[in-house]
Amino acid sequence: MMSGSGDPAGLDATTLNCHELGLSFGGHKVLNGFSVTFAGAGITAVVGPNGAGKTTLFNVITGFIQPDSGECFLGDKQLTGRRPHSIARLGIGRTFQDVRFIARLSVIDNLLLASNAVSGPTGIGLRAFLSEKRIREEHSDRCAEVLETIGLTQKAGDTASTLSFGQQKLLSIGCCLMNPRKYYLLDEPFAGVHPELVVTITETLKKMSKSSEVIFIEHDFEIIEKIAERVVAIHQGHLIVDGPPDQVFDTDSVLEAFVG
Amino acid sequence: MEYVLHILMLIVIYSVLAYSLDFIVGHGGLVSLAQAGFFGIGAYAAALLSLKFGLSLPTVFLASICLTALMSLFVSVPSFYLQDDYFVVVTFCFQMIVFSIFNNWLEVTRGALGIPGIPLPVLFGWEISSKSEFIVLGLLILAFSALCIWGLTRGAFGRILHGLREDEVYTESLGWNVRAVKIIAFAVSAVLAGLAGSLYGFYVAYIDPTYFTVMESILILSIVIVGGAGSFAGPVIGASVLVLMPEALRFIGFTPSLAGNMRELVYGLLLVLILLFRPQGIAGKYDFTQSKGAR
Ligand SMILES: Nc1ncnc2c1ncn2[C@@H]1O[C@H](COP(=O)(O)OP(=O)(O)OP(=O)(O)O)[C@@H](O)[C@H]1O
Ligand SMILES: [Mg+2]
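Chains Y and P, in that order, give the protein sequences. Sequential numbering of the first sequence, starting at 1, is according to my numbering. Sequential numbering of the second sequence, starting at 261, is according to my numbering.
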């Protein structure tokens, strides 16, 4: 089910392959010949000290930043050079480290905005002129399911800006969940969240990983040991270790890089 | 009576313009100073096509729609690459260029002399000649505009526009082609402004470049802000207030020339008061002065 340390032979349609990624910001090398392969199943944690390049890796995979060299593939489809919306539709959803959602819209409207099932790549087309009521009806099951998963059923009608920080994080994950994707890239979903909500987020991630791979950035080793099956450690733009948590956390180079 | 009808006609035309601009400003969060440019393109298209080629009203409208939709690319494509203030500068430049074309392309537009004698429009055998007939045509166009905006803002497309307004990067990450959304939004906006322009050209029967300056763009933007950006009733309310106000000044005893000068002053004052005490406008929900993506 899991690829362990990346099996280059298994290049099927769900394999996410980053090859020799290189990227500098004003002379500072953020990604330095970074290669990694994901198989499309299970839960993978990405670790690394502040500024290691974790968020940048997500930005490169999802098309928000173009790398200077190297490329990413999903199966045989090249991702590098594609625009972010097209990468999302190929099957890679993501959240942001600075939690993003539409503060002025209600929780349910945020979920509806996230759903690509509405119509076409611009949300326009004959279906866009269906009554809003019908769109809501068609989505009601999916929305209820997602709300249940992220524990915000009671808050469905509330304006998103009134949610607590932890709930906002859950909402952004829920928006990601509205579409079936092969990969969910979550940037620090647990950071700054109350322990009680950590449980909800953990359960959500487990559910997401049933039919997709969840790749999440995390600094807390305890959480990682509890849910991740694989850990990818980044340091100074290099991949330094890749393997199951217990093994990775025993590696000297990881201890050196993270604990100092 | 003629006077009242004229005021009514102005309210109708400015309402269409306000709907067209509010679509991108209020719903899409893309502030543009090019609206008078598209207004002018529609007016000049109507004037030239009906005068020189004797085209009928539906053909003129069709040509105006195609032309303004095409010209909107000059504004929508830069919006892929520039945000906020930088983008406003681009729309300002577009407005200036369009104005100088009206003003300097003497062979076609006759420059500052303007184009007189625009023929009365004929719609399927109905010659529109009296003010009240023009108002009927105007109300049809206003209804069409309002219907377009209503249809495009309340469902899926409207939600995506609101997403664009609040956080473009996030909206794109959800899988929405934000560039295509912008192309559609600017095209719709330009087309409606162009239709208002064609209507205006036929109505006044004489146009010259001074009607289509950046000041006119700013007036349209003021109407949107005063009425309430991103609200359905806002454009009509804003247009009514800003068209009626200078007339009211005249009624309370200012001489016409003094009232004309007072107009700018009162507009300015009204705008400041609105932004201070009711930043979302008279009918609006969306606080125009709040920064984007407030999180
Ligand atoms: N758009 C940008 N322009 C310039 N430098 C950038 C940009 N984005 C990231 N960087 C730099 O790249 C380096 C890696 O940043 P990145 O956000 O990927 O780190 P990270 O591993 O996610 O760290 P953290 O754990 O703090 O989130 C940092 O030194 C950062 O300053
Ligand atoms: Mg980061």
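In case anyone wonders, no lab produced these hints; they're calculated from the structure. Please note that the accuracy of each hint is not assured.
[Claimed, not checked] Chain P residues, not near chain Y, derived (Cβ > 10 Å throughout):
hint	residue
1	Pro318
2	Arg370
3	Ser390
4	Ile420
5	Ala440
6	Ser500
7	Glu507
[Unchecked claim] Partial chain P-side listing against chain Y, Cβ under 10 Å, derived:
hint	residue
8	Gln343
9	Gly415
10	Leu421
11	Glu432
12	Val438
[What the hints assert, rightly or not] When the alpha-carbon atoms are kept at most 25 Å apart in a straight line, the in silico DMTMM-like pairs for lysine to aspartate or glutamate are as follows:
hint	chain 1	residue 1	chain 2	residue 2
13	P	Lys545	P	Asp344
14	P	Lys545	Y	Glu196
15	P	Lys545	Y	Glu132
16	Y	Lys206	Y	Glu148
17	Y	Lys29	Y	Asp12
18	Y	Lys182	Y	Glu203
19	P	Lys545	Y	Asp158
20	Y	Lys155	Y	Glu229
21	Y	Lys207	Y	Glu229
On a predicted model such as this, the values are computed, not experimentally measured, just so you know. Note that the Cβ used here is the ideal one computed from N, Cα and C, for glycine as well.
Verification of the hints:
1. With a closest Cβ-Cβ approach of about 23 Å to chain Y, Pro318/P is found to remain outside the 10 Å limit, as its non-interface label requires.
2. In this structure Arg370/P is separated from chain Y by more than 10 Å, as the shortest Cβ-Cβ distance comes to about 40 Å.
3. The Cβ of Ser390/P lies farther than 10 Å from every Cβ of chain Y, with a closest approach of about 36 Å, so its non-interface assignment holds.
4. With a cut of 10 Å on Cβ distances, Ile420/P falls inside the contact zone with chain Y, its closest approach being about 4 Å.
5. Its beta-carbon lying about 5 Å from the closest one in chain Y, Ala440/P breaks the requirement of being farther than 10 Å from that chain.
6. Distance check on Ser500/P: its Cβ is at least 27 Å (rounded) from any Cβ of chain Y, clearing the 10 Å threshold; non-interface status holds.
7. No beta-carbon of chain Y is positioned within 10 Å of the beta-carbon of Glu507/P; the least distance is around 36 Å.
8. Taking 10 Å as the C-beta contact cut-off toward chain Y, the hint placing Gln343/P at the interface is violated, the least distance being around 15 Å.
9. Because the beta carbon of Gly415/P sits about 5 Å from the nearest beta carbon in chain Y, less than 10 Å, this interface hint is met.
10. Checking Leu421/P against chain Y: minimum C-beta separation of about 9 Å stays under 10 Å; hint holds.
11. A least Cβ separation of about 5 Å between Glu432/P and chain Y falls short of the 10 Å threshold, and the interface hint therefore holds.
12. The beta carbon of Val438/P is positioned within 10 Å of a beta carbon in chain Y (closest approach about 7 Å), and the interface hint is therefore held.
13. Pair hint Lys545/P plus Asp344/P holds up; C-alpha atoms about 21 Å apart against a cutoff of 25 Å.
14. With a C-alpha separation of about 35 Å, the suggested pairing of Lys545/P with Glu196/Y is violated against the 25 Å cut-off.
15. Proximity of Lys545/P to Glu132/Y is assessed by CA-CA distance (about 20 Å); at most 25 Å being required, the pair is judged to hold.
16. Distance hint between Lys206/Y and Glu148/Y is fulfilled; the C-alpha atoms sit about 14 Å from each other, no more than 25 Å.
17. For the suggested pair Lys29/Y and Asp12/Y, the alpha carbons sit about 31 Å apart, so the restraint of at most 25 Å is broken.
18. Between Lys182/Y and Glu203/Y the alpha-carbon distance is near 18 Å, which keeps this suggested pair within the 25 Å criterion.
19. Between Lys545/P and Asp158/Y the alpha-carbon distance is near 16 Å, which keeps this suggested pair within the 25 Å criterion.
20. The hinted pair formed by Lys155/Y and Glu229/Y fails the criterion: a straight-line CA distance of about 32 Å is larger than 25 Å.
21. Between Lys207/Y and Glu229/Y, the direct Cα distance comes to roughly 14 Å. Compliance with the 25 Å bound is thereby established for this hinted pair.
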